[in-house]
Amino acid sequence: MSGVKFDQAQLAREAEAFAQRLTRGLGLIEQIGNVEIGTTLKDAIYAEDKVVLYRYRPFPEVATRSRVRVPLLICYAMVNRPYMMDLQPDRSLIRGLLAQGVDVYLIDWGYPDGADRFRTFDDYVSGYLARCVNAVRDYAGHRRVNLLGVCQGGTMSLCYAALHRDTLLNLVTMVTPVDFRTPQNVLTRWTEHVDIDAMVATSGNVSGEMLNALFIGLQPFRLTGQKYIDLLDRIDDRQALENFLRMEKWIFDSPDQPGEMFRQFMTWFVKENRLCRNTLELGGRPVRLRDVKLPLLNIYASQDHLVPPSASTPMGSLVGSRDYESYAFPGGHIGIYVSGAAQREIPGRIAAWLKQRDPRKR
Amino acid sequence: MPIWRCNKRSALKETLMSEPESGSTHPEWTAGWIEKQRELLRQHASRAGAASGNPAADAVGTRWRELGDAWLEGLSSLSRPASADSSPDGAIPPFKVGEEMLQAWQSAWTVFESGQQGITDTLAKFASQMPPLGPAREHALAWRELATAQAECRRLEAELRAVLLKVQHDALDALETRTREREAANQPVGSFRELYDLWVESAEQVYSGVAQSEAFAELQARLGNATVRLRGHQQKVIEYILRQFDLPTRSELNSVHLQLRALKQQLDALSAVPRSTTRRKSAPVRKSGGTRKRSARR
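Line order of the protein sequences matches chains A and B. Note that the first sequence covers residues 1 to 362 in the numbering used here. Note that the second sequence covers residues 1 to 298 in the numbering used here.
Please keep in mind that the hints were generated in silico from the structure rather than gathered at the bench. Heads up, a few of these hints could be off.
[As the list claims (entries may be wrong)] To spell it out: a stretch of chain A is covered by chain B in this simulated footprint if at least three of its residues, at any positions, have a beta carbon under 8 Å from a beta carbon of chain B; those stretches are:
id	segment
1	8 to 17
2	21 to 33
3	106 to 119
4	192 to 200
5	316 to 330
[Unchecked claim] Computed list of lysine to any residue pairs in SDA-like fashion (alpha-carbon distance at most 25 Å, straight line):
id	chain 1	residue 1	chain 2	residue 2
6	A	Lys227	B	Leu67
7	A	Lys249	B	Arg65
8	B	Lys264	B	Thr249
9	A	Lys227	B	Ala70
10	A	Lys227	B	Tyr196
11	B	Lys236	B	Leu253
12	A	Lys271	B	Thr227
13	B	Lys166	B	Arg154
Heads up, the beta-carbon is just placed ideally off N, CA and C, and yes, glycines get one too.
Next up, chain B with everything else stripped away, as it sits in the complex:
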């Protein structure tokens, strides 16, 4: 999982390395060994796990490869030597690693986001400044609405992403609390797997609290509704283009389906005879199977 990646100078790692267990004085050797496992796995994965012909199996294989690489990267990061910039007293808050990663992640999104947002905003601004007049008025209006809807979607996506980032952040705090509790109870976390399971538990707990909040429901709904509006505007523009090439549109198909449904209802009404008068005479329409004799009604 991503939280265990991108941590060149993690405080967790430093915490771990500042109190080495006896017999654990060969971090470089450990890191090398783990890296070797990763390499072997990569080599094997390039040969094995090819398409099995079963989509569900292939999807699991892909998921394993992704998770496996992240997993070994996590193990590897825990084994690397501590960086030189530990604080003088060695009292570094544990699980800073996640915080660093989150900041990196957030920065990456911000860069991406600002680029996308910039383009969208420019488009929206440009479109809003175009006077919807003359023969192209309707087109200008459609494109303006599309640009506005896109900008709204991007804004809400960023808002939701910020909430989810906070969940990850709070999950790491919860993880820290739990590990301290485990240590206090003389049951310290002893393996990466245990740490991972504890992290999932912490994250689900934090997320559950957020997911049940009114604010989250509202934000999700606002994003969903904005996406629907965007899709509507996209359809409008696309259907215009399709009509220029005399190609069928979804709106036309909808009209046909509505007419078909109305016709079917009329047909059903016309052919509906009270069941009590026909039950013994006619069997239901069977398109397949069933030649069995019917016994008398009981």
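Chain A extracted, bound-state conformation:
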């Protein structure tokens, strides 16, 4: 006999409560209008094709002596939009860093279209990223800058650091994969038998919507149903609804991936694991992680289902840095940016690590 026992009157009460919550929710949805995203003040200081480099305005209330002198450039992944770094005032890694006196710059890759389909991985690493680094160096007047790579942007940053050693002072990586072939990596397993060459040859750029479907496919029951039902539990909290909508916008605001760049990333990094195996070449030059000799802070999330810890932690033994530090944040791939614990923990940790290595402090 089943372990399910329902009281009829309770069923009716549950139905009524549910219908009321849903009705209130639909009413709120109507009133809520557009939610604001990425509100921290910033200025575009460099632009090239679809790429825009921003500098965030420093917080004047931070005392000069408390600031990190060397600027920090954030290189976000191309898979989603970088405003995840500044989703809303109380969930913003960037605001947290500014409050700690860090001079923050951010690369926005834009929305690649058909004109970008033949851009290579190296066009982004030694092209756009390199020119953004130079733009920050010139703008801030520093010979070397700090670089923070996020997810795929972290992988790009590692490649950049291996190839352009003289332009960086410190490197921070967040939820960054280096070993794409660990048993926990479901996405890698799924792409193992996919003919990426044929896919890109046929589709050109790879649709962001298709990638979203792939990510949802990792937890389809939770992500297509349960999370919306859960939201109804907090329907009286307008702020919670707005937070949800901001996140929802970010999740489904997925740029298409430049075809050739995607093909190279999937083939060289994901399928052949060249970065980890030291067999990667970009623009005819070998990319060796042992050439990454600058101080490196690697932050990963212990419950990350997209970049499992096992994909990130080998970094320590692969890079040539003598000053390597890692930190396991107790959360997931998204929680590491937006959770309350992340707001309290991550910006302070990054800023403190950078301050210890800031030239003035030495």
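Given the structure of chain A, go ahead and fit chain B onto it with the hints provided.
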């Protein structure tokens, strides 16, 4: 969610109704009450939840309406009176409801599938029998390849759907196990919401096992590759038609983009001057913002 629908004679329901809790002897009244909530919600939803001007909000509203109707239908189904065809000893396996639903779903797909598959197979067969000869040879070949690719896609889609149906089926078994465990621990499932959450947990657990298997990865990849081939053949046929009207094709655009990229690389190479010789003289190209004075390099 669909598993709670289409269950006119569910065994779960019978299980529930065969052991009514005290005070729960008015199933018809309950069903009527729930139906009233559904009706009120429908009325309200037709007025409220209109376009808010925020696509993310509208999408959530739509999702809520879909889920809400399914949710209340699920509650309603649990409250309806037991059917007359309960087994004599009343020992009906619980959660048969999902099984019935799955069978219904599978049948629906099979009917749809057999119709589609029939047409596709006929086309493929017809195309394969056409001799690709004469002036129309290339066209005949293109259409034959297209039909074959389409048939392959449909076959693999059906295969994947069968795997996903099995996931749903196994998820219900897992749900049953969990509810029994809860009962044994004297913590029976007490609400539809709890049941739903437990079902999601069970389904994700079952799905995770399948998703990590080599067979699933291979099947997904085969379907993906077949879809790519189909798309390629579709493009070939469409581009032929576009050329007849002197309209641009993706292949032409690709040629242009490739040429542009090569030209840009040449331009970059020509304009690349060692940075060390120019650093103090020239600023990077700025298209916007930035008039700030640069401090001396440190």
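Outcome of the hint check:
no.: 1; hint: 8 to 17; verdict: holds (count 8)
no.: 2; hint: 21 to 33; verdict: holds (count 10)
no.: 3; hint: 106 to 119; verdict: holds (count 5)
no.: 4; hint: 192 to 200; verdict: holds (count 6)
no.: 5; hint: 316 to 330; verdict: violated (count 0)
no.: 6; hint: A:Lys227 - B:Leu67; verdict: holds, 11 Å
no.: 7; hint: A:Lys249 - B:Arg65; verdict: holds, 19 Å
no.: 8; hint: B:Lys264 - B:Thr249; verdict: holds, 23 Å
no.: 9; hint: A:Lys227 - B:Ala70; verdict: holds, 15 Å
no.: 10; hint: A:Lys227 - B:Tyr196; verdict: holds, 12 Å
no.: 11; hint: B:Lys236 - B:Leu253; verdict: holds, 15 Å
no.: 12; hint: A:Lys271 - B:Thr227; verdict: holds, 20 Å
no.: 13; hint: B:Lys166 - B:Arg154; verdict: holds, 18 Å
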